[in-house]
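Q: So the chains spell out like this:
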Amino acid sequence: MRWRRRRQQGLEEELAAHLDMAIADRIERGEPPEEAESNALREFGNRLLVKESVRYVWGWQLAESLAQDLHFGGRVLCKARGFTVLAVLALSLGIGAATVMFGVLDGVLLNPFPYPNADRLVALSVFDLDQSAEAGRRWTLSAAEQREFEEGASLFEGFVACDTRRTLLGEADNPHWVKLVTVSPNTFAFIGIPAKLGRVIQISDGRSDAPPVAMLSELAWRKYFGADPSVIGRAVTLNQQQRTIVGIAPKRYAWWTADVWIPQQGAANAQAEFAVQGRLKPGVRIAQANEQLTAIGARLKSIYPERYPKRFQVRGVYCIDDIVHTPFRRTLFTLLGAVGLLLLIACSNVANMLLSRATVRQREIGLRMVIGAGRLRILRQLLVESTLLALLSTTGGVALAYGGIHLLPAIVPPNTIAEESVVDLNPSVLLFALGISAMTVVLFGLAPAWQITRRGWGEALRGSAKGSAGRHPGTWLRDLLVIAQVGIALVLLVGAGLLARSFIRSLKIDLPVNPRSVAVAFPAFPPNSYNAQGQRESVISEYVNRLRALPGVKAATRTSEIPPHSWNMIVPLDIGIPGRSSVQTMFHTADWGAQATLGYRLLAGRWFTKEDVAAARPLAVINQSLARAMHSPAEALGRQIRLPRTAIKDVRGRAIDTVQVIGVIADTPNQSLRQLPMPMLQVPSTLTPRDEWVALRVAGDATAMIPAMQREMASIAPGVSFYWIDSFQASLEEELASQRFALWLLGIFASIGTMLLITGLYGVMSYAVAQRTYELGVRIALGASASNIFKVITARGLALIASGVFIGAIASLALSRMLQSQLGDMSPADPLAYLAAGALLLTTALLAILIPGARALRISPARVLRHE
Amino acid sequence: MHGCRISTAMPDYQNRIELLQGTLDLLILQTLRLGPLHGYAITQSIRAESADVLQVDTGSLYPALHRLEKKRWLKASWGLTDNKQRARFYELTAAGRKQLALEQARWVRLVEAIGRIVTPSVESEQV
Chain A
1 MRWRRRRQQG LEEELAAHLD MAIADRIERG EPPEEAESNA LREFGNRLLV KESVRYVWGW
61 QLAESLAQDL HFGGRVLCKA RGFTVLAVLA LSLGIGAATV MFGVLDGVLL NPFPYPNADR
121 LVALSVFDLD QSAEAGRRWT LSAAEQREFE EGASLFEGFV ACDTRRTLLG EADNPHWVKL
181 VTVSPNTFAF IGIPAKLGRV IQISDGRSDA PPVAMLSELA WRKYFGADPS VIGRAVTLNQ
241 QQRTIVGIAP KRYAWWTADV WIPQQGAANA QAEFAVQGRL KPGVRIAQAN EQLTAIGARL
301 KSIYPERYPK RFQVRGVYCI DDIVHTPFRR TLFTLLGAVG LLLLIACSNV ANMLLSRATV
361 RQREIGLRMV IGAGRLRILR QLLVESTLLA LLSTTGGVAL AYGGIHLLPA IVPPNTIAEE
421 SVVDLNPSVL LFALGISAMT VVLFGLAPAW QITRRGWGEA LRGSAKGSAG RHPGTWLRDL
481 LVIAQVGIAL VLLVGAGLLA RSFIRSLKID LPVNPRSVAV AFPAFPPNSY NAQGQRESVI
541 SEYVNRLRAL PGVKAATRTS EIPPHSWNMI VPLDIGIPGR SSVQTMFHTA DWGAQATLGY
601 RLLAGRWFTK EDVAAARPLA VINQSLARAM HSPAEALGRQ IRLPRTAIKD VRGRAIDTVQ
661 VIGVIADTPN QSLRQLPMPM LQVPSTLTPR DEWVALRVAG DATAMIPAMQ REMASIAPGV
721 SFYWIDSFQA SLEEELASQR FALWLLGIFA SIGTMLLITG LYGVMSYAVA QRTYELGVRI
781 ALGASASNIF KVITARGLAL IASGVFIGAI ASLALSRMLQ SQLGDMSPAD PLAYLAAGAL
841 LLTTALLAIL IPGARALRIS PARVLRHE
Chain B
1 MHGCRISTAM PDYQNRIELL QGTLDLLILQ TLRLGPLHGY AITQSIRAES ADVLQVDTGS
61 LYPALHRLEK KRWLKASWGL TDNKQRARFY ELTAAGRKQL ALEQARWVRL VEAIGRIVTP
121 SVESEQV
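Heads up: the sequence lines are chains A and B, in that order.
Position 405 of the first sequence, counted from 1, bears residue number 405 in this note's numbering, the numbering being contiguous throughout.
Position 120 of the second sequence, counted from 1, bears residue number 120 in this note's numbering, the numbering being contiguous throughout.
Don't take each hint at face value.
[Said to hold, decoys possible] The calculated DSSO-like cross-link candidates involving lysine-lysine, where the alpha carbons are at most 30 Å apart (straight line), are:
(1) A:K51 with B:K84
(2) A:K251 with A:K223
(3) B:K84 with A:K554
[Stated by the list, open to error] Chain A is faced by these chain B residues, among others (derived, beta-carbon under 8 Å):
(4) G39
(5) Y62
(6) R67
(7) R88
Hints are computed from structural coordinates only; laboratory data are not their basis.
Please read all numbers here as calculations on a predicted model, not as lab measurements.
Glycine included, C-beta positions come from ideal geometry on N, C-alpha and C.
Just chain B, with the same shape it has in the complex (with noise of 0.2 Å):
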């Protein structure tokens, strides 16, 4: 949509963006799940769910949490973590879940799909 525009404007930094958009997004939605979670709390999440293979970049995520905020599947309000630390939390909107539901999806017929052609002799199973 604007991915074209930005890398006028910031060639380096956006191609970054671009690689991980969908999946981020996925991501996060996941990681929110079980309630609304700051920023930090997010990279953190993920980076323990998947054993720190998958770090999380700054200038990745608040983009991507800003632009879920917009697309109204996120919202967002400050909270006090249990440090006493004043953070914007986010959470899952409805339509946030079901936006969730319809990645979740679409991740799982993505990895099939590609993992039929990476692997073509194991057949439909699940990564």
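Bound conformation, chain A alone (with noise of 0.2 Å):
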């Protein structure tokens, strides 16, 4: 570089010692100093064309000017530190932003699954066609059902059955509560399901006289063996069955998020229920495969009259629509769009500094092709400049993404997304971002070399000199650039506005208690001990009078129920309607105390009594939505519900299989909190032993009586724990989790949003400004007032924010209905969310345009006229 740096010098030196004999020469002749100084360089020619001529000659004059683009061009981006700043914030967060998002996508929806054809594994479902797809959905299959399945549906490779529970796992003093599935014996062979370590369970493992084996999921073997290797041959309690651990399955595997497999072993019991999946046959539509199913369904049917609804479909149901939430997954879509527009925004903010940085550049390069620049030198300036913008701006979305999709998993609520996904990069999106934003950078880059080339130098170095008013050309560009983005980012207060106002009702959700006064805890008893007959029930019993004891607490129950969702069992119910088939119902347990607790309202009827669930009745409350199939809270009353199998025993231990409806509640949500009710019926606690929650209400705050209720327990029963004690408050925050994600998420892309717009208004106006300095100048020297020159200048940024905020608005009516499903009943044309969202892009933009409009009004008239 030095080299060069001295060659130059030597140039330079060289020619100004011809020019100065040249000069010197004509002095002798007798010219005067001047004139011949004159004539001296007249004659030189143009020295910088020379320089550059030589310079050619040496050769290295292509990287040696291309450096002094890089030079320039970086002298250029940092003397426009804010502008250059603001563009490359504004292309990375667009760039990373929309790539975190498809990569969050793309992990979570599109190819969760390691499994190898994991795109054609269903699960298999009796839908029951006079009920909604959720209330009419049949899970599990029984063991005779499965076999005829597998017998008869040819369009399938082949199926697995699962089913899951919570056991503990180690010894009495230490154990642990994990989720236990157990799984045909061919599953992992079927699945495609390696072991990391060891050996898979395999279909000999299956045998009723082989050995009971069991394998680790990868996170269990971490968290409870400490990723020991030796664990593989060593003997595990296992729901107080001694089993060896033959395997541990790779990190992504996560069947049935399953801390646990153990393999199903011998002839499955008759009552016994399985989730089913299969596979299909490559290139078999499953419209196809649901035909055959149903079929198969229909032949099942006289065989089990009773576990087949009148008009009903046995489908196929993929499954990773089944584990990925519907409504998360309509989130991710919906934050996909976010981005998308949040990219768009970014590019056309930078589009318009762009542009008007092209327009302010028109008089240097004007002069630069007064002097001898060539066009494409000129072009090629311009390129360079572009493309260190754009380069600056791709590194920042680069480590943008990189971070985001590092950090957004962590984030991500627990439950909605596939266990086995793995959130990554796409290279794809990020060039497609990356490609899109370097793109609008070089084009708009080049606008000023475009705006030379139509209008001439000697315009733009004419026009932009004096500052006059007219309309420049590239101003409809910018003004519908401007335009757009008040469109846009309205759209995206407008949809966080929605989803704010939707979660804030949520929040406030039709509950029939305050969820903060309610604490709830499900009790775990350890494997080996209060085995005896009846021995936890009468835990629980005295725990609960406990409870009721306590100072403050106004009731207490046990119940199976929680809102807004619990472990359930739904069972087909025969209403004792003619002509009617059974009905999904959710089965539950409760005690006397559950209305006072959780607040049930009761529609007709009563609630038990005390005596109703000490002597086990065989009574029933119901749920409105269940009534409704039986025409009314009134007419339900009194009527006799036929229970599909005798899984409940009264006191004496006789079997019950009709049960009496005593009352009707209103509904509470038991599904979701977003999903509507399904029938419901409660039978007292009494009359079937099952895993029960207890509950208790208090005036205050229910967390305050935690340690009180660890105590109590303690005191009573050694050695029980709980498997969850939290409020009631706290096991929604996990039903809101996803919506609050979403919220965050759009809420934050809708502040960047904004804020690129008012950066974007903000340049646009004051670019303005800038441009009529002289004009404004010559009004005030003429004697306009102050206000009418505020007018002058906000007259234009109120009329495109105006526009803007009209198109934002109808795109929004338009877009807010694919926002629909996660706002529960609220309507996308919420006027309040509408008007806020108006409201807040209003006052910021106006505060855009205000400030230069005042900076307007500051302009020195004397000044700016002597200045000409």
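Join the two chains into one complex using the hints; note that each chain is given alone, in its own frame.
A: Structural data, given as structure tokens:
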């Protein structure tokens, strides 16, 4: 580099010497010195050009001038620091956000499973066509049904079945609650789950005389065994049974999110129910398969008429659809749309800034053309500048995307995505976002060259020297970009506003009690104790009585149902109406205190009394949805309902198959906060021993009761711990997490979009003021009032904002329909959300135009005119 | 060689070089035959020897000088003029002398050929 500079200096000196000698010669010949100098200069010609062509001869001119361009471009960007930072920030945010969101979408929705051919895995379910898809769905099949499908469904490659439950892993002194999945022995080979260590569960493990084995998930292995490889072959106690650990599954393989898998050994119990998955043969359409499944279902109905509704269909439901909750899937798509809009705002913002700069730079570029810069050289200079800008923003974008992609999965709410999902940067999306932003930068970065070519450098020099009031070319494009930005920002704000409104509404969802004043707990009994007949039930009863006696406790109960959803059993109920098929109903147990604790609102009849529960009377309280199937709450009262399986017994151990409806309660959410309640039936908790929650209600904050709840349990039943103990609010929070997540992200996107919009608007307006300084100076000199000047300046901005808001409002009305699924029962045209978004946008946008407007007022006419 | 590339980059300027190229090289080499000269002296010398007919453009001269230097037909060194002005002096190298002889011969042949076409009646007459 140094010898280059020396050589440059040499050339400089050589040419200077030439000129000096020429002047000296002329003076010697008698020319007056000034004339001699100007003549010599004229004769010499364009010194820059001479130098340039010599440098060309040197050969490193191309690289040299490129380095020069880079150097100059860097200087230009450094000098316009504000512009550079804003543009780079805007584009980085756009690129980063778009890439991260798509990465999540891809990892979570499009391709979450590591299993080969996972896209052909479906879960078999029986759908009652007279009910909603959620309420009328039976997830499980009996072993006999399963066999029938296995033999008949020729469009499938095969089936696997499983059953999940919670159980205790380890010894009595330090057991862990784990999720145990009992799988059909073919599962591992069929799904294609390899072993990270040891071996997978094999068909032979399913023989009834095979030694009992278990396989651990990677997570469980890490959590409970410290990732110790020597666990292979070790015996563990699982649900009081000794089993040998034979293998560990690799990290992403979390079939049914199990901690531990065990094989189904021997023939399954006739009563047992299994979730069944099948894999479609390649090329088989799901509709075809459903037809075949339904035909088999029809045959089964003739054998097991009570298990099939009147009108039904057996369908394969893609496993991805089941695991990724539908609302969350929509959330992700919404967010992807939002980041797309954000990228649009970012690009149009940068385009606008570049266009504004183009006009500012016309004079400079015109000047460079006048002193002999070739058009191509100028184009190249601008191209280099744009490329530098694009490079900076892509670097920023990639960095943001990289950071975001590692951050986002950590804040994705639990249980909303498949455990198997791995979220990673998606190279093609990254390229796409980079491409779009680079294109914007380069395209609009070349705008000055385009403008000059159109107008010629002469005009470029004249035009911007004065700053006339006329419409500059490209103004319409800038205006359009501002309008688009305002519109898009409004769409984002409205979306965020709608979600926020719906979120706030769901916080005060129609729950019968204040969730903060209710504490819920799920006792966990150690496997080797409290095993005597009825011992656990009496512990729970005693516990509830103790809780009721605690100071401050208004009510306490045991119940299997805690809204909005709890582990439940769904059974087809014969409601005793001729011609009406069975109704898929949620089956729950409750104590006499449940109504007071959970605040169920009675529509008809009464709740269970203490005596009903103590005597285990065959009574039932149903919810409104179930009553609707019996026409009305009043008509439902007194009706006998047949229970499908004699799962419940009275205190004397006699099987009970009918219960009488004594009360109807108002619906409470029992599937999730966002889904409509399904029919539900509750019987006294003494009728059937079930896993149960314990709940209590106080006047104030229920979390304060938790230590007392733990103390009471310890005093009556040492060793019993809690699987879950927290306020009712906390369990709701989990339910609300997905919505909160969407709200946060959309809120962030909307604020970024608004910020970009404001900077863009501010830039355009300040530029307009700068552009018209001369004209405004003249106006002030001629006596224009301050309000007049202010009006002149802000009128255009106001017009742009107004058109943007108008267009944005229309677009929002059209687009917000897509949010419907996340809004619950709220209208996507909620006026408050629109008003709030509009007001927020208007005030911030006004600020962005008022500041330049105020600056226009401070223009000193004397200075402006003298400057001319 | 690079004419095409230049002409897109700098159209006006480069065409002039193109026209003068071969001839200017010869003129420079010829001028330097008697000893080292600096750029200004070369223009003056060409001008004087051509009786003010040929005026070498600085925009052509310096690129040509540097090109010939790059081809190692000339070598350059800094020196002082009679007026104590620091200037860059060019002198012929051995390769340059060889090239001069070559160029001279080529020039003679060229002039003869052109002469035959332009003035057919006069045969093998030198200009």
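Q: Against this structure, judge whether each hint is valid.
A: Taking the hints in turn, this is what the structure says about them:
About 24 Å separates the Cα atoms of K51 of chain A and K84 of chain B, which keeps this hinted pair within 30 Å; it holds. Simply put, K251 of chain A and K223 of chain A have alpha-carbon atoms about 13 Å apart, close enough for the 30 Å limit, and the pair holds. Proposed proximity of K84 of chain B and K554 of chain A is contradicted: the alpha carbons are some 112 Å apart, above 30 Å. Of the supplied interface hints, the one on G39 of chain B holds, with its beta-carbon coming within about 5 Å of a beta-carbon of chain A, less than 8 Å.
Hint status for Y62 of chain B: holds, given a least beta-carbon distance of 5 Å to chain A, under 8 Å. About 5 Å separates the beta-carbon of R67 of chain B from the nearest beta-carbon of chain A, less than 8 Å, and the hint is met. Because the smallest distance between the Cβ of R88 of chain B and any Cβ of chain A comes to about 4 Å, under 8 Å, the interface hint for this residue holds.
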